[in-house]
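Colleague: So you can see what is in the structure, the chains are spelled out below.
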Amino acid sequence: MDNHRHQHNDPAHCRDILAQLNDYLDGELAESLCRELEQHLAECPDCRTVYDSLSRTIHIYRTLRDVPAELSQDVEERLMHRIKVSLNVG
Amino acid sequence: MPGPIIDLTIYENEEMLLAGLRRRDPDACACLIKRFAPLVYAQAMRLLGDADEAEGVLQQTFIKACDRLDTYEGRSGLSSWLYRIATNEALMHLRQRSSRIDLDDVAETIQEDELPQRLTPWTFDPAAAALNSELRTTLEQALATLPETLRTVFVLRDIQGLSTEETAAALGLGESAVKVRLHRARLRLRELLSAYMQEY
Numbered sequence: 001m002d003n004h005r006h007q008h009n010d011p012a013h014c015r016d017i018l019a020q021l022n023d024y025l026d027g028e029l030a031e032s033l034c035r036e037l038e039q040h041l042a043e044c045p046d047c048r049t050v051y052d053s054l055s056r057t058i059h060i061y062r063t064l065r066d067v068p069a070e071l072s073q074d075v076e077e078r079l080m081h082r083i084k085v086s087l088n089v090g
Numbered sequence: 001m002p003g004p005i006i007d008l009t010i011y012e013n014e015e016m017l018l019a020g021l022r023r024r025d026p027d028a029c030a031c032l033i034k035r036f037a038p039l040v041y042a043q044a045m046r047l048l049g050d051a052d053e054a055e056g057v058l059q060q061t062f063i064k065a066c067d068r069l070d071t072y073e074g075r076s077g078l079s080s081w082l083y084r085i086a087t088n089e090a091l092m093h094l095r096q097r098s099s100r101i102d103l104d105d106v107a108e109t110i111q112e113d114e115l116p117q118r119l120t121p122w123t124f125d126p127a128a129a130a131l132n133s134e135l136r137t138t139l140e141q142a143l144a145t146l147p148e149t150l151r152t153v154f155v156l157r158d159i160q161g162l163s164t165e166e167t168a169a170a171l172g173l174g175e176s177a178v179k180v181r182l183h184r185a186r187l188r189l190r191e192l193l194s195a196y197m198q199e200y
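Quick note, the sequences are listed as chains G and F, same order. Per our numbering, the very first residue in the first sequence carries number 1; after that it's consecutive. Per our numbering, the very first residue in the second sequence carries number 1; after that it's consecutive.
Bound-form chain F, shown alone (with noise of 0.2 angstroms):
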């Protein structure tokens, strides 16, 4: 059964949408949705990696989103403000879970299995290049090969824009280890992501 038809351009900007939510506006309710719950989803998953869970942190940014409208200022733009509540949701799951961290994970030097490998430049220039689906999909792959504890690192700083205090403070970690962890998960992409890059 095909899903509601909702019209995008019913609000021409942030603040008409904004308006029609706090009149608590079905519409707005759902263009809202439709119009960010791909990327709050598409955030959820990197950072969790579990479907199941992504859904759940979905269902409870957009419920306190609603919740908390009074409250939203409008600096940052809505998509920034609904990160940031998915970001503390998916955080909230990855420290409930009981799973067991290897060691290795957590070491705060470039282990030896991480040093390049792959030397051959690359002949593909992302600044050049647009994201098609096959190349989305390699490096969605890549990402999702990484243990939880660089994966997350590189989440918040890479493609969310954190610094590198808010990554540590989101994830009760030194800047240091920040720092070391981002290099390691930096390192690893590149190289799982070598072979592909010659090729393209």
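Okay, chain G solo, but in the shape it has when bound (with noise of 0.2 angstroms):
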């Protein structure tokens, strides 16, 4: 595992954009702090390197969502049993 090695000489700063992070990837940071973090990701590698793979984490699971699961044939079989049972009693 590599450390968090930070090449910018305030680590507490590094703190700072972290939390703020999340807020800027949802587009919810006002604008003044945007530039504020914009500026701090150009002279830090290692916040940069943060922000480009939690943008891509966000990016890989969003295409999650239309995704299938492999429904193996006992389940389709028992839902479509429950659903003839519950159209007939209906």
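Bear in mind the hints are in silico, worked out from the structure with no lab data behind them. Heads up, some of the hints might be wrong.
Computed cross-link-like contacts, BS3-like style, restricted to lysine-lysine with a CA-CA straight-line distance of at most 27 angstroms [claimed, not checked]:
| # | chain 1 | residue 1 | chain 2 | residue 2 |
| --- | --- | --- | --- | --- |
| 1 | F | Lys64 | G | Lys84 |
| 2 | F | Lys34 | G | Lys84 |
| 3 | F | Lys64 | F | Lys34 |
Predicted model, so just to flag it, every value in this text is computed and none were measured.
Two independent chains are provided; combine them into the complex using the hints.
Modeller: Structure, rendered in structure tokens:
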């Protein structure tokens, strides 16, 4: 595992930036803070890596929404049966 | 024994499928299940992490959907409508669980061990790559390791696409709690995926 070796001189500032990263990614960070954050990302390779990979994490999970599970035949048959019973009773 | 063979092209679009369902056409019902059950089951599994409970949610979702067809207005598309029913059902299951919740899992600040450790740039670009089964399994496995408190927020916000406000209302949380839990979930998943993404 690699260490969080901040190349920025102010690790506390990196933590503040990290705390704002979520709002930034969701487009909910105030404009004035965006500029400060972007300036930091331009100067701090580690924070830029976190930003890039966090952004990719969100992007790839969004694609899961329309990815179906493999439904076993048993599960499908039990579902069909339950619906049939329910419709007949209804 | 092979399952029933259903021609999924009988109904050219959702409107025709819906008309068939309202006529109580058995083919329409089977078609609805073939098309949407795998999606609904995947969503239930992500929220609950338990195959038996997910199957219960799957069945309840389709029974309720068939009961409520007359109230479906078609504004959001069938899959979104079914997801909403399934989410409500899954959240009811979660509320009925009496499992002990670890205080760290509901902490409203980023925990020390959630700070980024892996800082090698990813070679993988999800925007340019197809979601193959190996990658999908990796994503689902990483998600399954999250504690329920973080996983539910992440699934509703980042997979299902609900807003912060909608997620807060669905889970009975404040919006700030949703934001912090989402951030913690994203950081943990980023960490879990990093090793895989650097070798991809």
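Colleague: A separate judgement is required for each hint: does it hold in the structure or not?
Modeller: Going through the hints against the structure:
{"no.": "1", "hint": "F:Lys64 - G:Lys84", "in the structure": "holds (13 angstroms)"}
{"no.": "2", "hint": "F:Lys34 - G:Lys84", "in the structure": "holds (14 angstroms)"}
{"no.": "3", "hint": "F:Lys64 - F:Lys34", "in the structure": "holds (17 angstroms)"}
The structure shown violates none of the earlier numbered hints.
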